Amino acid sequence: MILVTGGTGNVGANVVRQLLDAGEKVRVITRDPGDRSFPDGVEVVPGDLTRPDTLTEALSGVEQAFLFPVFNAVDGFLDAARKTDLRHVVLLSSSTVTFPTPGWIGEQHLRLERAVEASGLPWTFVRPGAFMTNDLVWAPQIAGGGVVRGVYGSAALAPIDPRDIAAVAAHALLDRRAGEAYLLTGPQSLTQIDRLRIIAETIGRPLRFEEQPREEFLEQMLHHGMPAPVIAELIDGLAARVGKTEQVLPTVEEVTGRPAFTYAQWVAHRAADFGSTAG
Numbered sequence: 001m002i003l004v005t006g007g008t009g010n011v012g013a014n015v016v017r018q019l020l021d022a023g024e025k026v027r028v029i030t031r032d033p034g035d036r037s038f039p040d041g042v043e044v045v046p047g048d049l050t051r052p053d054t055l056t057e058a059l060s061g062v063e064q065a066f067l068f069p070v071f072n073a074v075d076g077f078l079d080a081a082r083k084t085d086l087r088h089v090v091l092l093s094s095s096t097v098t099f100p101t102p103g104w105i106g107e108q109h110l111r112l113e114r115a116v117e118a119s120g121l122p123w124t125f126v127r128p129g130a131f132m133t134n135d136l137v138w139a140p141q142i143a144g145g146g147v148v149r150g151v152y153g154s155a156a157l158a159p160i161d162p163r164d165i166a167a168v169a170a171h172a173l174l175d176r177r178a179g180e181a182y183l184l185t186g187p188q189s190l191t192q193i194d195r196l197r198i199i200a201e202t203i204g205r206p207l208r209f210e211e212q213p214r215e216e217f218l219e220q221m222l223h224h225g226m227p228a229p230v231i232a233e234l235i236d237g238l239a240a241r242v243g244k245t246e247q248v249l250p251t252v253e254e255v256t257g258r259p260a261f262t263y264a265q266w267v268a269h270r271a272a273d274f275g276s277t278a279g
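The numbering used here puts the first residue of the sequence shown at 1, with every later residue one more than the last.
Treat the hints as calculated values from the structure; they're not laboratory data. Computed from a prediction, not measured in an experiment: that's the story for all the values here. No residue lacks a Cβ here, since even glycine has one placed at the ideal position from N, Cα and C. Keep in mind that the hints are not guaranteed to be accurate.
Stated by the list, open to error - Computed spacing ranges between beta-carbons, pair by pair: (1) Q220 with G61: 21 to 29 angstroms; (2) D175 with G61: 15 to 23 angstroms; (3) R208 with V45: 41 to 49 angstroms; (4) D21 with P259: 45 to 53 angstroms.
With these hints in hand, go ahead and build the complete structure from the sequences.
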């Protein structure tokens, strides 16, 4: 039995599907056991990572687990796991842990990695960079007129499809690849302007990127509830990438045996979210 936490998330939901496709028995924990969003064949049990007392049933009979990074919950999960037959933890981490200056986000993920290492449980770390799904934040602006406003439109990233992150995590679980850390990127270095152009081509609408004053962007993100340290790191990280090409790594293909999904393939997969009525 494999336990998947965060089973409704962009990565976790794909981990669930891919493990089921491989013929594995999959269990997910959820605060709402009546949630019908899980595929047939999944065992759904009530539980909450922030409440360790709810994890006993979820971990019973489980040998491996995909652990979603809930920053204030890892210690309780690991304490509960050590009392069970769990033999392998695959932690969703972040590429920021490898940065010379990890920053607030990287430090949070480093704390999780260190806790998992210290638990004595065999582990695998999956460290993706920027998610392609982060660009879904543009959808309301695309629907509202086709002008996307942001900072440093010429800053490049190599965003990765969550399906590829999940594929690496699933392979780690299926192959029991303990003691390894996989650093993941998408297959292309693309600026924000490049990515908006690809969205426009895919959904068949004219779209335009408009530079936004840094201070205005900061206030907008604060209004949406994003922590100030995260916003500052986001803005500074984009500024540092202007005019540069982001490194592209072959990890996804090396682990899975197939090429990583391109940005255009991801947009086609999520075209309805950007207002496409094609097909």
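A quick look at each hint next to the structure:
Taken as a hint, the range 21 to 29 angstroms is violated for the pair Q220 and G61, whose Cβ atoms sit roughly 47 angstroms apart. In this structure, D175 and G61 meet the distance hint of 15 to 23 angstroms, their C-beta atoms being roughly 21 angstroms apart. Take R208 and V45: their Cβ atoms lie about 47 angstroms apart, and the range 41 to 49 angstroms holds. Checking the proposed 45 to 53 angstroms range against D21 and P259 shows it is violated: the Cβ atoms sit about 19 angstroms from each other.
In summary, the numbered hints that this structure violates are 1, 4.
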